[in-house]
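Make a model of the complete structure from these sequences and hints.
Chains P and C, in that order, give the protein sequences.
Residue numbering for the first sequence follows the working numbering, beginning at 5 and increasing consecutively.
Residue numbering for the second sequence follows the working numbering, beginning at 5 and increasing consecutively.
It does not matter which identical chain is meant; a pair holds if it fits inside one copy or across any two.
Here are the simulated DSS-like pairs of lysine-lysine, each with C-alpha atoms no more than 25 Å apart in a straight line:
1) Lys391 <-> Lys302
2) Lys272 <-> Lys355
3) Lys157 <-> Lys184
4) Lys54 <-> Lys106
Treat the hints as calculated values from the structure; they're not laboratory data.
2 protein chains.
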Amino acid sequence: MEEKILELIELRKFGELKTMLSEMNAADIAQIFEEIDEKDLLVVFRILPKELAAEVFVEMDSDMQQLLIEAFSDKELREVMDELFMDDTVDIIDEMPATVAKRILKQTDANTRRMINQLLAYPDDSAGSIMTTEYIDLKKDMTVDAAFDRIRKIGFDTETIYACYVTDRSRHLLGIVSIKDLLLNPKDEVLSNIMDENVISVNTLEDKEQVAMDFEKYDLLAMPVVDLENRLVGIVTVDDAIDVMKEEVTEDIEKMAAILPSEHSYFKTGIFETFKARIPWLLLLMISATFTGAIISKFEDKLTVFAGLIAFIPMLMDTGGNSGSQASVTVIRSISLGDIEFSDILKVLWKEIRVAFCCSAVLAIVNLGKLLLVDYWLLGTFKGDGKPLLEIAVVCSTLFCTVIVAKIVGCSLPIIAKKIGFDPAVMASPLITTVVDAISLMIYFSFAAMILGT
Amino acid sequence: MEEKILELIELRKFGELKTMLSEMNAADIAQIFEEIDEKDLLVVFRILPKELAAEVFVEMDSDMQQLLIEAFSDKELREVMDELFMDDTVDIIDEMPATVAKRILKQTDANTRRMINQLLAYPDDSAGSIMTTEYIDLKKDMTVDAAFDRIRKIGFDTETIYACYVTDRSRHLLGIVSIKDLLLNPKDEVLSNIMDENVISVNTLEDKEQVAMDFEKYDLLAMPVVDLENRLVGIVTVDDAIDVMKEEVTEDIEKMAAILPSEHSYFKTGIFETFKARIPWLLLLMISATFTGAIISKFEDKLTVFAGLIAFIPMLMDTGGNSGSQASVTVIRSISLGDIEFSDILKVLWKEIRVAFCCSAVLAIVNLGKLLLVDYWLLGTFKGDGKPLLEIAVVCSTLFCTVIVAKIVGCSLPIIAKKIGFDPAVMASPLITTVVDAISLMIYFSFAAMILGT
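Here it is as structure tokens:
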């Protein structure tokens, strides 16, 4: 498909191209347009039927949108903008440099301009920033028939017609009727009798992540957004909620990997931007790790006596780190799914301690088996430094304790972070690893001191 | 709200409770029911109006559903089941023990039973397993008015009425009309003139994760599912697609933390089940880490001479691991978002190498500054073992190279894994860390040999 289209562009067969594109989906067209030469882009874009052109425009990324806008005549710009829903218009303007944004605003009428500026003013993470202002509003004394008339009249310009909102004269939200309700009720029924007054709505300043979670919980197609006086100002549609879910997950995953969240996709993020997102945590964790080094320094003299112990440091540190991050990541994900709250901390601890006992027992036994049976007796590769059996005891008991401590630290830090207002996702593998490393070495050297009598 | 309801149950004020519950949302009620005593559950459930009761039932978790089913009379069971959509019925039966499942099936008529068994047979990760069989089917020679008549007739029993599917006599999918199309066209228009023949559909065996991604890409509310002969057999609705997205993300995050994916939420997963999900990777990674230990063993003699070098091992290993997992997690997420494919591997490598140079330069310089200015000159805490300046050179140059190698390994392993059919998510922090640990120690000791002449 993609190759065929690129070939038609190459051969300048625009008639055939037009027929082909007209039958395709906007998202697919936008994806193919990414591959087109800049100089051909405007020509090919102009081939598209007006409505489809606007849909494709919305699906493009902002670099390409900017290219097109700069190439558009004022008339073309107005035509595309007229077809867009308010939330898409605002998203596009938000991404453009000031001069381009100004030019777009100049092509809109005063009313729309005021609305756009109002929407641009909402904080980036608020429900207001993702809502659209085109929705179907009905009055409670309308009949079903009258409601259908109104939908037929204004439905062309609204993003969804499936949820209709009943408001009073001052736009206070009174209830909700779905098209299904309207279709399945007699034509002369009055809306006040069939509307659902128990409407789930959010405030314009509500966190958009919370809004996305509500979509999932209540299986919504659209969510009404109200201002502080409970006046309906817009709606969020499910496709925008899905986009928010996707963004939030990416952000969480990035935080868990000690990366500051970035806004753009991989290849759209510049080298310096990627560097800036990664270096702060790397620096912080590097400096923290020097404390772990300091613990080793203190035991340096003894390590020169029992040099065999050094070889187990990576295994102990890694296993501790992995055990801890298993617990922390599980807990972080459960917190963001709403399964774990601060009040559950003891329940979580109790569960993790029991899991930790099972894990550490198996790990210690396997390790004991390997060292004792394979390395010491069978192969004779483990000689130790005079006290091989005691050294094995030090390693295995350290392993056992480290895994348990790691799980406890791993499961509790995210919950505590959440409680004191930090992002729990930050308490994932890298930070847990650094903490657990230090603890595991302290355990190791304490056991060495006790058992080997150093 | 929740406390008030629990109080009303305590006080046996069922009249008041009924009024209160009737005005609430099913998802909220199900959440509160989690807190109710088992013995009260059936009593309170019986208070709910029939339709709401079924909605609440669907939102409960399977343990509670089983409790209720076992307490239901046959008549009650039939009443609840009659209200459910086919996909929910199948999900519930899928979670029940065989005897309970049998009892549910006995309460359904032969036709439904056949349908349920057919749906149960689809693989767990297929589109067929999440679709529902209740949808609106229209014929292409119907008028808009006739279509509305059919929707009014069968719309009560379908999960969504917003997308209607036009099929021929043998149920081949011909096109799609939305309610919006129907409302905005004249009543005597024939469907064949207004339907969209360019329908996006999936096969019953399509991976459900792919289906969820299509919802996001094409902003769909429902996706038609067809069999191998292109006959329409069901639809997937957007709420189910959202659930799939959520599950898949949790699975990816678990894999990245070296946990085998589990099916249930945190507290619903037993100790042994959690243990089983975590121990395989812990064992595997522990054993891999012993190879890192073997590298240290080989250099043991030299380490006893330059014992100061031991203290830097955790810092070098951790920084390498963190650098690597930043790259791998970014790439893994981009792969699952469809931003990176195998053909991009050189582009990714080139980008990561440049980012790595920036990061490693900063890290090495900061480290050099700390060791040279603070530890060596200012505080005098770093004495080294005869050759302090050379030792500092070894540490900083190792750090520089380790970070670059870590980024290269981190970004390429997931892409290669994907290419050869493994899950890229598995190539996240823990595995990368183990690989990078070994490499960083080899670099460390090689530099030590070269610079210190050991």
